[in-house]
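Full structure from sequences and hints, please.
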Amino acid sequence: RGSRCSASPGPGRARPRPPAGPARPAGSLLRWASSFSEPGPKESGPSEGQIFLSESCVKRLLEIAEGSEFLRLQVEGGGCSGFQYKFSLDTVINPDDRQGRRDVLVVSGARVVVDVDSLAFVKGSMVDFSQELIRSSFQVVSNPQAEKGCSCGTSFSVKF
Amino acid sequence: RALLGVRGAEAAAFLQGLLTNDVTQLVAEGDAPRALYAHALNVQGRCLYDVILYRLHRSTAEEPHILLECDSSVLDSIQKHLKLYKIRRKVTITPCPDLSLWAVIPGEQPGDASSLPKCADQALLLTPDPRAEVMGWRLIAKKGANLSEIIPGSQVGDIQDYHRHRYKQGIPEGVKDLPPGVALPLESNLAFMNGISFTKGCYIGQELTARTHHMGVIRKRLLPVSLPGPLPAGGVPEGAEILTQAGKRAGRFRAGAGELGLALLRLAHLGEPLCVRLPGDRLELRATAPEWWPKAAAK
Numbered sequence: 001r002g003s004r005c006s007a008s009p010g011p012g013r014a015r016p017r018p019p020a021g022p023a024r025p026a027g028s029l030l031r032w033a034s035s036f037s038e039p040g041p042k043e044s045g046p047s048e049g050q051i052f053l054s055e056s057c058v059k060r061l062l063e064i065a066e067g068s069e070f071l072r073l074q075v076e077g078g079g080c081s082g083f084q085y086k087f088s089l090d091t092v093i094n095p096d097d098r099q100g101r102r103d104v105l106v107v108s109g110a111r112v113v114v115d116v117d118s119l120a121f122v123k124g125s126m127v128d129f130s131q132e133l134i135r136s137s138f139q140v141v142s143n144p145q146a147e148k149g150c151s152c153g154t155s156f157s158v159k160f
Numbered sequence: 001r002a003l004l005g006v007r008g009a010e011a012a013a014f015l016q017g018l019l020t021n022d023v024t025q026l027v028a029e030g031d032a033p034r035a036l037y038a039h040a041l042n043v044q045g046r047c048l049y050d051v052i053l054y055r056l057h058r059s060t061a062e063e064p065h066i067l068l069e070c071d072s073s074v075l076d077s078i079q080k081h082l083k084l085y086k087i088r089r090k091v092t093i094t095p096c097p098d099l100s101l102w103a104v105i106p107g108e109q110p111g112d113a114s115s116l117p118k119c120a121d122q123a124l125l126l127t128p129d130p131r132a133e134v135m136g137w138r139l140i141a142k143k144g145a146n147l148s149e150i151i152p153g154s155q156v157g158d159i160q161d162y163h164r165h166r167y168k169q170g171i172p173e174g175v176k177d178l179p180p181g182v183a184l185p186l187e188s189n190l191a192f193m194n195g196i197s198f199t200k201g202c203y204i205g206q207e208l209t210a211r212t213h214h215m216g217v218i219r220k221r222l223l224p225v226s227l228p229g230p231l232p233a234g235g236v237p238e239g240a241e242i243l244t245q246a247g248k249r250a251g252r253f254r255a256g257a258g259e260l261g262l263a264l265l266r267l268a269h270l271g272e273p274l275c276v277r278l279p280g281d282r283l284e285l286r287a288t289a290p291e292w293w294p295k296a297a298a299k
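Protein chains in written order, with UniProt numbering: chain C, 1 to 160; chain Y, 1 to 299.
In case anyone wonders, no lab produced these hints; they're calculated from the structure.
Wrong hints could be hidden among the right ones.
To be verified - DSSO-like, lysine-lysine: derived pairs with alpha carbons at most 27 Å apart: (1) Y:K200 with Y:K83; (2) Y:K80 with C:K123; (3) C:K159 with Y:K83; (4) Y:K86 with C:K148; (5) C:K123 with C:K86; (6) C:K123 with Y:K86; (7) C:K86 with C:K148; (8) Y:K168 with Y:K295; (9) Y:K220 with Y:K248; (10) Y:K83 with Y:K176; (11) C:K86 with C:K159; (12) Y:K143 with Y:K80; (13) Y:K143 with Y:K176; (14) C:K86 with Y:K90; (15) Y:K86 with C:K159; (16) C:K86 with Y:K86; (17) C:K86 with Y:K83; (18) Y:K83 with C:K123; (19) C:K123 with Y:K90; (20) Y:K83 with Y:K142; (21) C:K86 with Y:K80; (22) Y:K200 with C:K148; (23) C:K86 with Y:K200; (24) Y:K80 with C:K148; (25) C:K148 with Y:K83; (26) Y:K80 with Y:K142; (27) Y:K200 with Y:K80; (28) C:K59 with C:K86; (29) Y:K248 with Y:K168; (30) Y:K80 with C:K159; (31) C:K159 with C:K123; (32) Y:K200 with Y:K86; (33) C:K159 with Y:K90; (34) Y:K295 with Y:K220; (35) Y:K90 with Y:K80; (36) Y:K220 with Y:K168.
Written out as structure tokens, the structure reads:
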């Protein structure tokens, strides 16, 4: 935990950045570009709010998503603190769905989709895949809208 | 009291995360009860609204239609509360101004209970009050319905008699008895009134409530009290301190009607002579544990 590198954010678990990797030949870049032009959910603009994916989230999604599956994040009312996150693997996109930031989703097959209503509660958050002794799961971390939550992390209340 | 209609496929699931009691019991297959008592708590575990849920739909094949009874002064506030947590749930929330809600209290003579008829056409629902047998039944009918047709031999009473009956029995109801953000559900005898499930999943305010139930001791409870002496003009104020004869703090007055009321009292002082402290006066006060409490409760 040194303080030598001020540019990178410290040894946290989740931060957005393009994956490190060897330089790739032009042919492969073209291949990625074509996958982005596929029809898909509209990318959320700055006014609607954006969500970010951590490296571990992208990695885990690539492991588990089959075919056209993507990770859906919803916010539901209820739970110990008022609102709770719900993760699921889904294949159906609806007109009011929004997709996580593209410049983090550099590999097709690792998509996170949120409907506009839920996005209002999670905009600016990061989705992480955290592996702990108690459980391994997708978690919403650093939600700028959320106030204290319940002890297990599933539920949160909102700053008004 | 006012009625709010909650309809839709997700009605029960929606309410489940917001209320202390197990709403799935209300909508279960087979011989499910038609009424359920519950509180909506805030995130800190304090009471916000005391409600009674009624199941209007008769079978699980029909679209769920639940009525929610609440204090009429918080109808707008509870609607906002529900809408805040609705998000994308497939439910509609609408007031029901064309319905009227009645409390049917058993008469003095024994045998009145068995003579209660089944629902007539004008009654949407007639069901035992889920809180306690001493509260009789709840009746939901269209506004202007003829009650003596629905329940022959009954008389329309004065609402003040209803409140006096509640205070005599020790049944809190509404925002005066259960001030939002102040009252605690377990101290308000929610468990004795069949209003809470300790085996259901998460709901708002569950953490403190479950922890108190499993690990804590409940030292104070809302108790029915009576003031035998002369009463001050305007009644006893909410929050008035109650003391033992030795001057030790025993609790606080909550609300009342005439010489009857409810007070939050330390159970240790139950049965002792007590008094309410008012500016320039001390009124004698007596507290008793209600008959309908579980026998081991008054400790």
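Violated hints - listed by number, lowest first: none
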